[in-house]
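Student: Residues per chain are reported as follows:
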Amino acid sequence: MSFTLCTSRLLAVTTLLASLLVALPPMPVQAAGLPAEEPTAVIRQTVDGILEQLRTLPDAQSRRDRISALVRGQFSFELMAQGAMGPYWHQASAQQRSTFVALFTELLEATYMGRITAYTNEQVRYGQQQVRQNRALVETYIQSGNTEIPIFYKLLPHQDRWQVYDVVIEEVSLVRTYRSSYTDILRRRGIPGLLQEMEQKLEQLRAETPPAVEERA
Amino acid sequence: MEPRLLRRLASLLLSGLLVSLLATAGAMPVLAAVAPSAVAGTLSGPGEDDFIADDPFAEDLYNGELDDAILADPLEPVNRALFWFNDKSYFYLIKPVARGFRLVPEPLRSGVDRMFDNLKAPLRAVSCLLQWRWRQTGVELTRLLVNSTCGLAGFYDPALNWWDLRKQDEDFGQVLGHYGVGGGCYLVLPLLGPSTLRDGLALLPQSYADPLYWMLHRDGLLGCRAGALVNSLSLDADTYESLVREQIDPYLFLRDAYLQRRAAQVRD
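Taken in sequence, the protein lines are chains Z and A.
When you number the first sequence by our numbering, it's gap-free, plus one each residue, and the end is 1116.
When you number the second sequence by our numbering, it's gap-free, plus one each residue, and the end is 260.
Incorrect hints may appear among the rest.
Restraint-style ranges between C-beta atoms, simulated for each label pair [unchecked claim]:
hint, chain 1, residue 1, chain 2, residue 2, range
1, A, P150, Z, L956, 36 to 46 Å
2, A, G219, Z, E1102, 36 to 46 Å
3, Z, E977, A, Q257, 30 to 40 Å
Listing some non-contacts, in silico: residues in chain A with all C-beta distances to chain Z over 10 Å [stated by the list, open to error]:
hint, residue
4, L111
5, V118
6, A145
7, L157
8, P182
9, P197
10, M207
11, R217
12, V222
Worth flagging that the hints you see were computed from the coordinates, not collected in a lab.
C-beta atoms are modelled at their ideal positions from N, C-alpha and C, and glycine is treated no differently.
Please model the entire structure based on the sequences and the hints provided.
Tutor: What follows is the structure, given as structure tokens:
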């Protein structure tokens, strides 16, 4: 099984490489309808930007605002929210959808920031970049203690720019995890119930100041 | 720690395990009845503009099937009770001790963490071998040999530093998964956390692959394992705390993340 998987993966990579080699020299990537910028460059800019703000800005509030601006520029929270709601997206009214997107944005931002803040002083290594059809996958690795944590970003072109539509941490997709746990809540409590619970969680998060990252060294 | 406390901890753990296993056995017919409908209920039909379902990267990261990781959770009430128990033990017992460990310099704790990890190399090698993965088996055996000698019983990791030989994270649960054994159902083990019926049962033979099992008596063994766990938690960047803080329902989030990760581990 692993052999066939291996061969098919190898085949896919070779075809990808071959098509890139054939396609790249005569025409720029833009011609295929993809943004001119490299996906890795976009991620590098965002991640390095965030880490720099974390290291340099001393004030927690201004730090959070700057990082939030950086993240919102690169992450498509609408797409992520839609993915997190899954099949229920079609049942939701326009009003419910926009409320959900707003709440989800704030919650996901808190989660992502919490994770990236925990690794402020660690090194980020940029791995491979793949482009398949109109999607891109950028691999990054964060060295933490004895392990290297793989964080992959998935991007697609949105308004002429590469935008992140999923973050995969240690093979666990954030959007998929949200989707399965939200689907569970949606099945039990419906859309209004979920929105209410999200609201409560956010209030609780806003009330408390985020805990300082404990020194592990 | 005091031996009596350890013994009590051990019996608590064992009884918890027994209870959850018994409950599982009792719930088996229910499981069979509930499983298909439960899965069908959570499966999402790929909608017209479902960008996650028709993801060209799906075959790598999702293995084509969107919700292949989803597993029935017929024991949810029991699991939630154990989750509550684990949560309280984490915050009031285990984590405070781990914080105390942080007084020890970090390089020392990292080294000890690597030493304990080195002891799991035989388990990883056997797991690779059982899946007929020769190269990975070789990597694990080389790591064991080199790190146990030149790496001072695993305190350092020369195999990684010199030849970039990375740890192959395989265990008996993954071996079973490789041969088509499904997870069965989701299970929360007392103090050990998220698991599945398959992975929980795999823990029993797995403990024989631990060299410490053959070297130490029960209390010493338990103490060593507790020490290893707390030490590695002292190195963790408070992952669990942030999860509990940010999620509406941490139980569901942890369950789904765990199942997704295990499915990915079995796949590769």
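Student: Against each hint, give a clear statement of whether it holds in the structure.
Tutor: Verification of the hints:
1. P150/A <-> L956/Z: 36 to 46 Å: The hinted range 36 to 46 Å holds for P150/A and L956/Z, with Cβ atoms some 39 Å apart.
2. G219/A <-> E1102/Z: 36 to 46 Å: holds, 40 Å
3. E977/Z <-> Q257/A: 30 to 40 Å: holds, 32 Å
4. L111: holds, 14 Å
5. V118: holds, 17 Å
6. A145: Its Cβ never comes within 10 Å of chain Z, the nearest being 15 Å, so this holds.
7. L157: holds, 14 Å
8. P182: holds, 23 Å
9. P197: The claim holds: P197/A sits with its nearest Cβ about 23 Å from chain Z, beyond 10 Å.
10. M207: holds, 23 Å
11. R217: holds, 18 Å
12. V222: holds, 14 Å
Hint compliance for this structure: no hint is broken.
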